[in-house]
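Given the structure of chain U, go ahead and fit chain H onto it with the hints provided.
Below, each chain spelled out in residue letters.
Protein chains: 2
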Amino acid sequence: MTAVARAFVPGHVTGFFTVDRDDDPTKAGSRGAGLALSEGVTVTVRRADATEVTLNGETVEIEAVERVLAALEATVAVRGVTDLPVGSGFGVSGAMALGAALATNDLLDRRLSTYELATVAHGAEVQAGTGLGDVVGQLHGGVPVRLEPGSPQHNRMDAVPARSRVEFQTFGELSTSDVIGGDTDPISTAGERALSRLVEEPTLERLLGASRQFAREAELLPDRVYEVVTDVAEAGGEATMGMLGRTVVALDTGLTDAGYDPTVCRIDPTGATLLDPPAERSLPE
Amino acid sequence: MTAVARAFVPGHVTGFFTVDRDDDPTKAGSRGAGLALSEGVTVTVRRADATEVTLNGETVEIEAVERVLAALEATVAVRGVTDLPVGSGFGVSGAMALGAALATNDLLDRRLSTYELATVAHGAEVQAGTGLGDVVGQLHGGVPVRLEPGSPQHNRMDAVPARSRVEFQTFGELSTSDVIGGDTDPISTAGERALSRLVEEPTLERLLGASRQFAREAELLPDRVYEVVTDVAEAGGEATMGMLGRTVVALDTGLTDAGYDPTVCRIDPTGATLLDPPAERSLPE
Numbered sequence: 001m002t003a004v005a006r007a008f009v010p011g012h013v014t015g016f017f018t019v020d021r022d023d024d025p026t027k028a029g030s031r032g033a034g035l036a037l038s039e040g041v042t043v044t045v046r047r048a049d050a051t052e053v054t055l056n057g058e059t060v061e062i063e064a065v066e067r068v069l070a071a072l073e074a075t076v077a078v079r080g081v082t083d084l085p086v087g088s089g090f091g092v093s094g095a096m097a098l099g100a101a102l103a104t105n106d107l108l109d110r111r112l113s114t115y116e117l118a119t120v121a122h123g124a125e126v127q128a129g130t131g132l133g134d135v136v137g138q139l140h141g142g143v144p145v146r147l148e149p150g151s152p153q154h155n156r157m158d159a160v161p162a163r164s165r166v167e168f169q170t171f172g173e174l175s176t177s178d179v180i181g182g183d184t185d186p187i188s189t190a191g192e193r194a195l196s197r198l199v200e201e202p203t204l205e206r207l208l209g210a211s212r213q214f215a216r217e218a219e220l221l222p223d224r225v226y227e228v229v230t231d232v233a234e235a236g237g238e239a240t241m242g243m244l245g246r247t248v249v250a251l252d253t254g255l256t257d258a259g260y261d262p263t264v265c266r267i268d269p270t271g272a273t274l275l276d277p278p279a280e281r282s283l284p285e
Numbered sequence: 001m002t003a004v005a006r007a008f009v010p011g012h013v014t015g016f017f018t019v020d021r022d023d024d025p026t027k028a029g030s031r032g033a034g035l036a037l038s039e040g041v042t043v044t045v046r047r048a049d050a051t052e053v054t055l056n057g058e059t060v061e062i063e064a065v066e067r068v069l070a071a072l073e074a075t076v077a078v079r080g081v082t083d084l085p086v087g088s089g090f091g092v093s094g095a096m097a098l099g100a101a102l103a104t105n106d107l108l109d110r111r112l113s114t115y116e117l118a119t120v121a122h123g124a125e126v127q128a129g130t131g132l133g134d135v136v137g138q139l140h141g142g143v144p145v146r147l148e149p150g151s152p153q154h155n156r157m158d159a160v161p162a163r164s165r166v167e168f169q170t171f172g173e174l175s176t177s178d179v180i181g182g183d184t185d186p187i188s189t190a191g192e193r194a195l196s197r198l199v200e201e202p203t204l205e206r207l208l209g210a211s212r213q214f215a216r217e218a219e220l221l222p223d224r225v226y227e228v229v230t231d232v233a234e235a236g237g238e239a240t241m242g243m244l245g246r247t248v249v250a251l252d253t254g255l256t257d258a259g260y261d262p263t264v265c266r267i268d269p270t271g272a273t274l275l276d277p278p279a280e281r282s283l284p285e
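Protein sequence lines correspond, in order, to chains U and H.
Under my numbering, the first sequence is numbered contiguously, ending at residue 285.
Under my numbering, the second sequence is numbered contiguously, ending at residue 285.
Next comes chain U alone, as it looks inside the complex:
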């Protein structure tokens, strides 16, 4: 019997989005687009007498993870390890929820399909109020475009065919639930306009441009983020705000060229995936 199961889930920064509510959390969600990142969360699950969730060694409460474990009727220890900033728009809670779903299914032989597991994780994020589109983007990897909202069993996807170095830097936290809990009509209007622009020309440059326009129109752009995005543009680069965080994401060497000191990664081509478990003897308790 397997003693431990592991999954890797890429980070996901959203460029623009709509808010699509529905009484059924698996049909609620958002349309929009973003980048899946080679920096992500490695989630390890093992059997335990009581459920415990840790992130980088600290015990944490992540409602989306608790909801996933309840749906899978699992009492397990979930350990997340990541270099991504938390609470800054990289989809860490979605990654924890999706990684926990994939690894727990593997560990406990629950025999759910990939899209069923992603639907459980997506619904859990929606119900927790911590995300609307990250899980879907993280499942697919690459540069996911969400044409219709909802879980992978309900939505409609496309993607921008691109590879790129990506840089990001974070200047503080923003609360997703504060923003998506308020009046979201102006956000959705701006998000629909951005999606139309991207579908017209599905390239990375258009994604970044449509995202900048979205951030202005939806009035989501903190001053500091605006300054940094402008600096990158003045240095000849492409950057935008990572929704929803005080985060700037740039293509290639955009932030470096503008004199910042960003984290460097790439677009993740794969999406969420099970990993081979670590060798038994290398497992810390």
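In case anyone wonders, no lab produced these hints; they're calculated from the structure.
Any given hint could turn out to be false.
Which residues of chain H face chain U? A partial, calculated answer using Cβ under 10 angstroms [said to hold, decoys possible]: (1) 101; (2) 105; (3) 113; (4) 116; (5) 140; (6) 145; (7) 153; (8) 157; (9) 159; (10) 161; (11) 200; (12) 273; (13) 274; (14) 275.
Some residues of chain U that are not near chain H, with every Cβ distance over 12 angstroms (derived) [unchecked claim]: (15) 21; (16) 48; (17) 55; (18) 59; (19) 71; (20) 127; (21) 174; (22) 177; (23) 181; (24) 222; (25) 226; (26) 234.
Computed from a predicted model, the values in this text were never measured in an experiment.
We put the CB at the ideal spot given by N, CA and C, even for glycine.
Using the frame of chain U, we list chain H on its own:
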């Protein structure tokens, strides 16, 4: 301006399938399931005065590739390199078509989306009569389950959440177009039954078991393939026929344990993806 563009497309072995005809080649296709393989085709595209297509250094005529290039209005040299056996059920023609679509779009800045490009490649394969589901499986990677037929813009997908070592060995060629050109009703009936069994329990073991039952019911099993699959089972392993080839695919060390000398690879988690172009100076002409 980019001088060359490259894509990697995983091989895809089909375990079971239906034949779903439609006057629109982007809606025609098949339901079914298979394995995307870490062995695949690397496709390099460069500008040229006349279109030329090579596979492992030999000039080849692949109708699906020609149709893709016509749709993209491209005159380019397409070079495919693979260790996969050709004409043996690994989706080499689909990989060439999808790889040519992704790389040509990148090289010539055609600004189509990933799903648009996959739709072009899928429609080209259907019209050429060389494949019904490979392009879709190759786009997604992993263990793709095609719940509804057609291109990525029309179909409905799921996947089996699994990773595994995979072994395969080929004992000769089979013509896809001979089989899918004949009476396919018994195939589709068996394929629908296999799909129901897999959806009920989406695991690798069930995929292999449902595929073996499909091969028997659809009467597609050559004697030699039957013998080898039986040998693997008697050695305690899981194997099935790779559709449509005289090919046996086994999980883990199934063929090795039964005394065969297979090629070893893994399930490819990523699916078709653009690669960084090779360094200019390393390019052979």
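Fill in: Status of the hint placing residue 159 of chain H at chain U (closest C-beta pair under 10 angstroms)
holds, 4 angstroms
Worksheet item: Are all C-beta atoms of chain H more than 12 angstroms from that of residue 181 of chain U?
Response: Residue 181 of chain U clear of chain H: closest Cβ-Cβ about 32 angstroms, beyond 12 angstroms.
Worksheet item: Can we trust that residue 177 of chain U is non-interface, i.e. its beta-carbon lies farther than 12 angstroms from all of chain H?
Response: Residue 177 of chain U is indeed farther than 12 angstroms from all Cβ atoms of chain H, at 29 angstroms.
Practice prompt. Report holds or violated for the interface hint on residue 157 of chain H, using the least CB-CB distance to chain U and a cut-off of 10 angstroms.
Written response: Holds: closest Cβ of chain U sits about 7 angstroms from residue 157 of chain H, inside 10 angstroms.
Item to complete: Please confirm whether residue 48 of chain U is truly not at the interface, meaning its C-beta sits more than 12 angstroms away from all C-beta atoms of chain H.
Response: holds, 21 angstroms
Worksheet item: Are residue 273 of chain H and chain U close enough, Cβ to Cβ, to be under 10 angstroms, as the hint says?
Response: holds, 4 angstroms
Worksheet item: Is it correct that the beta-carbon of residue 174 of chain U has no partner in chain H closer than or equal to 12 angstroms?
Response: Given that every Cβ of chain H is farther than 12 angstroms from that of residue 174 of chain U, nearest at about 30 angstroms, it holds.
Worksheet item: Holds or violated: residue 274 of chain H as interface residue toward chain U, Cβ cutoff 10 angstroms?
Response: Holds - the Cβ of residue 274 of chain H comes within 10 angstroms of chain U, reaching about 5 angstroms at its closest.
Item to complete: Let me know if the C-beta of residue 105 of chain H comes in closer than 10 angstroms to any C-beta of chain U, holds or violated.
Response: Since chain U brings a Cβ to about 6 angstroms from residue 105 of chain H, closer than 10 angstroms, the hint holds.
Worksheet item: Going by Cβ atoms, does residue 21 of chain U stay more than 12 angstroms from chain H at every point?
Response: holds, 24 angstroms
Practice prompt. Please verify that hint: residue 145 of chain H, Cβ, nearest Cβ of chain U, below 10 angstroms or not.
Written response: With a closest approach of 7 angstroms, the residue 145 of chain H hint holds.
Worksheet item: Hey, does residue 71 of chain U actually stay past 12 angstroms from chain H on C-beta?
Response: Consistent with the label, residue 71 of chain U stays out of reach of chain H, its closest Cβ about 15 angstroms off (over 12 angstroms).
The structure fails none of the hints (numbered hints given earlier).
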